[in-house]
Amino acid sequence: MSTPQSTIDQFVQSDYKYGFVSDIETEALPPGLDEEIIRAISAKKREPEFLLQWRLRSYRHWLTMTEPSWPKATYPPIDYQKIIYYAAPKPKAQLNSLDEVDPELRRTFDKLGISLDEQKRLTGVAVDAVMDSVSVATTFRKELAKQGIVFCSFSEAVREHPDLIEKYLGTVVPYTDNFFAALNSAVFSDGSFCYVPKGVRCPMELSTYFRINTANTGQFERTLLVADEGSYVSYLEGCSAPMRDENQLHAAVVELIALGSAEIKYSTVQNWYPGDKDGKGGIYNFVTKRGLCRGRGSKISWTQVETGSAITWKYPGCVLLGDDSVGEFYSVALTNHRQQADTGTKMIHVGKNTRSTIVSKGISAGRGQNSYRGLVQMRPTATGARNFSQCDSLLIGDQCGAHTFPYIEVKNPTAQIEHEASTSKIGEDQIFYCNQRGLSKQDAVNLIVNGFCKEVFRELPMEFAVEAQKLLGVSLEGSVG
Amino acid sequence: MGRAGQAAAITMEDRLKMEPILDIRNLEAGVDNRAILKGINLTILPGEVHAIMGPNGSGKSTLASLLAGREGYQVTQGSVTYLGQDLLALSPEERARAGVFLAFQYPVEIPGVNSTYFLKAALNEVRKHRGLPEVDAIEFLSLVKDRIRLLELNEDLLKRAVNVGFSGGEKKRNEIFQMAVLEPTLAVLDETDSGLDIDALRVVANGVNQLRRPDRSALVITHYQRLLNHIVPDRVHVLMDGRIVRSGGKELALELEDRGYDWIVPTEPVAA
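Residue numbers (our numbering), protein chains in the order written: chain A, 1 to 481; chain B, 1001 to 1272.
Honestly, I wouldn't trust all of these hints.
To be verified - Label pairs and their calculated CB-CB ranges:
hint, chain 1, residue 1, chain 2, residue 2, range
1, B, R1034, A, T423, 28 to 36 Å
2, B, E1183, A, K146, 57 to 65 Å
3, B, L1132, A, G401, 40 to 48 Å
4, A, Q390, B, G1248, 37 to 45 Å
5, A, R159, B, G1165, 53 to 61 Å
6, A, K82, B, T1116, 38 to 46 Å
What the hints assert, rightly or not - Computed from the model, here is a short list of chain B residues facing chain A with C-beta under 10 Å:
hint, residue
7, P1092
8, L1123
9, V1203
Worth flagging that the hints you see were computed from the coordinates, not collected in a lab.
All C-beta atoms, glycine included, are put in the ideal place defined by N, C-alpha and C.
Could you put together the complete structure from these sequences and hints?
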């Protein structure tokens, strides 16, 4: 018989099911970063002058900044001159319809469960598929356009709606915000753009699927989502990458803007390659996501399920500017093997009677390190504002770690803040109890983990919730005994 | 009590012909090279309820844990046969699916996991093992409601997380409630009576008695005789220092209550 600890020790292997590499002809710029590279990216994308100038300002600012050292994560220094900043599947010709997408690309996305074929999709989810540095296809565009909704790749938006881009780009996450946001602003190559006009309720879920394929590239996409007055949109984001021995950098920026009474629901299932069980390889996921509730009564809700990446560094937050606006953050972050996650949120209350809710569930297994870092700030103008935070950690085994770093700043005496935190551990006795009722160890762990995450899963769109549950199961897979 | 009468109607001859539900032969086991069970022999036939009594540290709970397959115990000698198969070769979940149920001395809390969902998952594992389809939702609900009444538990417990926020008595009754739903072939009750007041004890015993069937058996581990006033055993065994030192009928329990364990001097192990 094995010792009690061994069952949990064995509970650390998992297979990453999306680790394949597609053989697609790629066009890439040489590695390294200088103004020439930035000019080349901008030229490749035939960008207007204002955007090139903005990139260059970002780059010059980035040069004055240093990489943050405060996250609770350790990794060797990144050599920014070794990264390829632009790689794209080589276009055969200008695409006139989705049918003309390179079959290999199409197969890649099929394999990932993302069909680019509108006819085959029964679920009514419009997808923008991004491979390495560019968007390869966006589905249901015509359908959405009938209601005035713009949903396209960022590059197309730059060409077709430069006014909207110029008006909103960098208004929520300025390039001065942080080191990685500055880098992204200088070199971003694609991403998704969405604009929902006044009073329109987007009839389908919109989604972007990000795929890193080429070696040694960084992925720097940018998503900008604007919900005009009284509109509603639900947006999903998924991602994966091949298994490679070297680390790859992913530094994205997502900006959301909700005008008066508008509502944006943004859900992420992050499944970048986490590295192997010894911590070799994996994506560095250094992402800046922020939403601005600009108008009265607007609402932005972030839901994230973070299971991938070697290191996750992200704090999707909300700036609650409009009176009575609402910000929400629901998060499940799982670290297994040697994964490190430093994630949480920022809720900046500016307007009167603004409300925010934070529910964070961290799961640590193997030698994973999981930190919740969250800022709740009540500005002097935030009369009657309220926040509720709940941070729960679940430990599996005795070699992992869970940490909580709450930052609370209150400048208005009428504001109310509640913070609850708990740490628990899946014990051998719980697993044995489940075993004794006929459940396998794996089922027992899944049952306990899913029970732990339930408050977050119920915020996800139905389909995604099922996928997220499965993903957690897979991420924790590896016979427990 | 009527069930006990039924069991008595089976003659000694019948008993010898039956395949035992549980057959423990010369079992020696321990933890970290420390011997705890030092040669246990015990045969339980279908329909029988056996009681194991003994002072603290005699090995009672070790025996229960070993039968359920808890990790950390080393078997150094002997065998355990359950319905003709080697029980020790099965994983804990395989044993459970095959009908071995342990009512825990200290039931474990599982936050976030809904009691009903948990029980349904457990029942479906047992049913799958028996080649039955998953339980129908309506059927399950009526089964659960019936059994929860038997244990006089509040239906609200079904909506809560497994054992979370349950009182000590509720946890113990919940164990027997789960047993009543899963209908095991061999139920091992590990000091289910400890910490129960007299009313709860009566309810638990009533639950166990209602589930007595000619094809099912139970092994009741207890420190005190009082439980055996309510669950009348066919055989009583005294476990001391890892050996069964005396076996007898239900009167043995009364004698122990009167005279304590000291009058039994552990000498030669006796066959059960």
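Going through the hints against the structure:
1. Against the hinted window of 28 to 36 Å, the Cβ-Cβ separation of R1034/B and T423/A comes to about 33 Å, which satisfies the hint.
2. Evaluation of the 57 to 65 Å hint for E1183/B and K146/A yields a pass: the beta carbon distance comes to about 59 Å.
3. Look at L1132/B against G401/A: about 44 Å separates their beta carbons, and that is inside 40 to 48 Å.
4. Between Q390/A and G1248/B the C-beta distance comes to about 57 Å, which lies outside the given range of 37 to 45 Å.
5. In this structure, R159/A and G1165/B meet the distance hint of 53 to 61 Å, their C-beta atoms being roughly 59 Å apart.
6. Under the hint 38 to 46 Å, the C-beta atoms of K82/A and T1116/B, about 55 Å apart, miss the expected range.
7. Below 10 Å, beta-carbon pairs count as interface contacts, and P1092/B has one with chain A at about 4 Å; its hint therefore holds.
8. With 10 Å as the threshold, the beta carbon of L1123/B comes within range of chain A, its nearest partner Cβ sitting at about 8 Å, so the hint holds.
9. A cut of 10 Å between beta carbons decides the hint on V1203/B: the least distance to chain A is about 21 Å, and the hint is violated.
Taken one by one, the earlier hints fail for this structure at numbers 4, 6, 9, listed in ascending order.
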